[in-house]
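*Asks:* Starting from the given sequences, assemble the full structure and let the hints guide the process.
Residues per chain, in single letters:
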Amino acid sequence: MTIINNLIMILYHLLSAVIVLLLLRSIWRTKNIQEAVLYCVILIPFVLRVVHIK
Amino acid sequence: MTEKTLRNVKIIALSISLILIVWSGVMFYEHRSFSEAVVPSPDITEVKKLSSYFAPLAGTANDCNLYFFDSGNPGGTLFLIGGSHPEEPGSNLTAQLFAENVRIEQGRLIVAIRANRSASTVTRPGDAYPQFYTILTPWGEKRFRMGDRWSNPLDSWPDPEVYVHYPSGQMLAYMDIRNFNRTWPGRPNGSITEQTCYAMMELIRREEVNLFIDLHEAELEYPVISTIVTHEKGQEIAAIASMMLTEMEFERPIGMEFSPPSLHGLSHREVGDHSQAISLLFETPEPFLDRVRGITDEELLLTGKDAFVMEAGKYGLLYERIDEEGWPIDVRVGRHCSTILETVQAYSDMNPDKPILMEGIPRYQEVIAQGTGFYFRNPQEMAEGEVYYE
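Those protein sequences? They're chains A and B, same order as listed.
By the numbering used here, the letter at position 39 of the first sequence is numbered 39, and the numbering carries on one by one without gaps.
By the numbering used here, the letter at position 107 of the second sequence is numbered 1107, and the numbering carries on one by one without gaps.
In short, the hints are calculated from the structure, not lab data.
You may find that some hints are simply not true.
[To be verified] Pairs of lysine-lysine residues, derived as BS3-like cross-links and limited to a Cα-Cα distance of at most 25 Å, are as follows:
no.: 1; chain 1: B; residue 1: LYS1048; chain 2: B; residue 2: LYS1142
no.: 2; chain 1: B; residue 1: LYS1049; chain 2: B; residue 2: LYS1142
no.: 3; chain 1: B; residue 1: LYS1305; chain 2: B; residue 2: LYS1142
no.: 4; chain 1: A; residue 1: LYS31; chain 2: B; residue 2: LYS1305
no.: 5; chain 1: B; residue 1: LYS1010; chain 2: A; residue 2: LYS31
no.: 6; chain 1: B; residue 1: LYS1233; chain 2: B; residue 2: LYS1354
[As the list claims (entries may be wrong)] Here are some chain A residues the structure puts well away from chain B; computed CB gaps all over 12 Å:
no.: 7; residue: LEU14
no.: 8; residue: ALA17
no.: 9; residue: VAL18
no.: 10; residue: ILE19
no.: 11; residue: LEU21
no.: 12; residue: LEU22
A quick note: this is a predicted structure, and the numbers were derived from the prediction, not measured.
Glycine included, C-beta positions come from ideal geometry on N, C-alpha and C.
*Replies:* What follows is the structure, encoded as structure tokens:
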């Protein structure tokens, strides 16, 4: 069980990192201010997860 | 909108996000890595790590300190744990008070102040929990980590859909796989919380612990409050302690109840079932935990005063009384201190071949009169090697 949990934990962090990259790309591409601000807010928890702080 | 304006807004929004990431990240990191100083009493004989009893815990968040006080005189062994649920500060404060003041005359005392250290490295920001609380001492303020009921998801994740307790097979809520008082007796290949309980059980078996006490606090809306929960093996001890404390010492009574045989994972059930030790669990009231509480801050945590909880009491929704005086931390720690001393006294009277005799621990009225902080020693005045960190 511990091995599977650890594997899922690693995959989860990789997935979070991919989402961070996707959000950054979306911020760069969007022409809508509201969307840009929203993506910036969404970014915060994902970055904290990737760096294993929260 | 021009391209330039859009670009500027994006830069500003991203900068604010970055500031918030750094700001909150520093706060979370500071809490998770904060060390609490402990100055054990001069009677300390050894400080071990929990990983001494289960090596895979070495280097993890739950490799807590174990403080050994051995009188050198034959007698029983008491194992006292605080911090099972780190959102219940009366628990770890009492354990630390014992570790810093005890003078052991006969038998042995083992203390774990932060039994589930991982759970003390996370709070509930969504519930507005404070990150720290401070206790006033004669030499200044002493700071402690506020914690949560469950182990930090950074140390144990993901949770299962349903937590199946080992070895009973009883099904419990998913997050209780991270609840230190639902994972006894633990298992070596389980989650970090189960492994911690397993290591504690190994300690209890190898050190031939006679009496095991787990300290807790409870919301007033919860029926298991102001009580001693006991395994069948401890029924006489708990009954005597409850009667003596209610009659002689406490303004509000302390009850006694049996550990339900079919409710698994709790220390009072599993430690008694899976070892030679008599297992007991003590509860004091903590209004901070009540769901109907008002402002959730350090003041409520330490004073136990809340108008909303009082209002709930007027409608008969509580299992313990509360008035304008609240349930201050000194009252809660004082109740724990006297309950431990009375229980140990009852145990020693019934087991004259294995007595445990302790001095230096204040009783209920003394803790209220002096304040909990009075009993904490100043780490600044100690030499290197005399201070340990939780």
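*Asks:* Each hint needs a verdict: does it hold in this structure or not?
*Replies:* Evaluation of the provided hints:
For the suggested pair LYS1048 (chain B) and LYS1142 (chain B), the alpha carbons sit about 24 Å apart, so the restraint of at most 25 Å is met. Distance restraint check for LYS1049 (chain B) and LYS1142 (chain B): the Cα-Cα separation of roughly 24 Å lies within the 25 Å cut-off, and the hinted pair is therefore satisfied. A threshold of 25 Å between alpha carbons decides the hint, and for LYS1305 (chain B) with LYS1142 (chain B) the separation of about 21 Å falls inside it, so the pair holds. Taking the CA atoms of LYS31 (chain A) and LYS1305 (chain B), the gap is about 52 Å. The hint is violated against a cut of 25 Å.
A threshold of 25 Å between alpha carbons decides the hint, and for LYS1010 (chain B) with LYS31 (chain A) the separation of about 10 Å falls inside it, so the pair holds. As the CA atoms of LYS1233 (chain B) and LYS1354 (chain B) are separated by approximately 16 Å, the hinted pair is consistent with the 25 Å bound. The Cβ of LEU14 (chain A) lies farther than 12 Å from every Cβ of chain B, with a closest approach of about 14 Å, so its non-interface assignment holds. Chain B leaves ALA17 (chain A) outside its interface by the beta-carbon criterion, the shortest separation being 14 Å against a cut-off of 12 Å.
Every C-beta of chain B lies more than 12 Å from that of VAL18 (chain A), the closest at about 18 Å, which supports listing it as non-interface. Remark: the non-interface label on ILE19 (chain A) is consistent with the geometry, its nearest Cβ contact in chain B lying 14 Å away (cut-off 12 Å). Distance to chain B confirms LEU21 (chain A) as a non-interface residue, since its nearest Cβ pair spans about 14 Å, more than 12 Å. Here LEU22 (chain A) stays apart from chain B, with its beta-carbon at least about 15 Å from theirs, past the 12 Å limit.
Consistency with the previously given hints fails for number 4 only.
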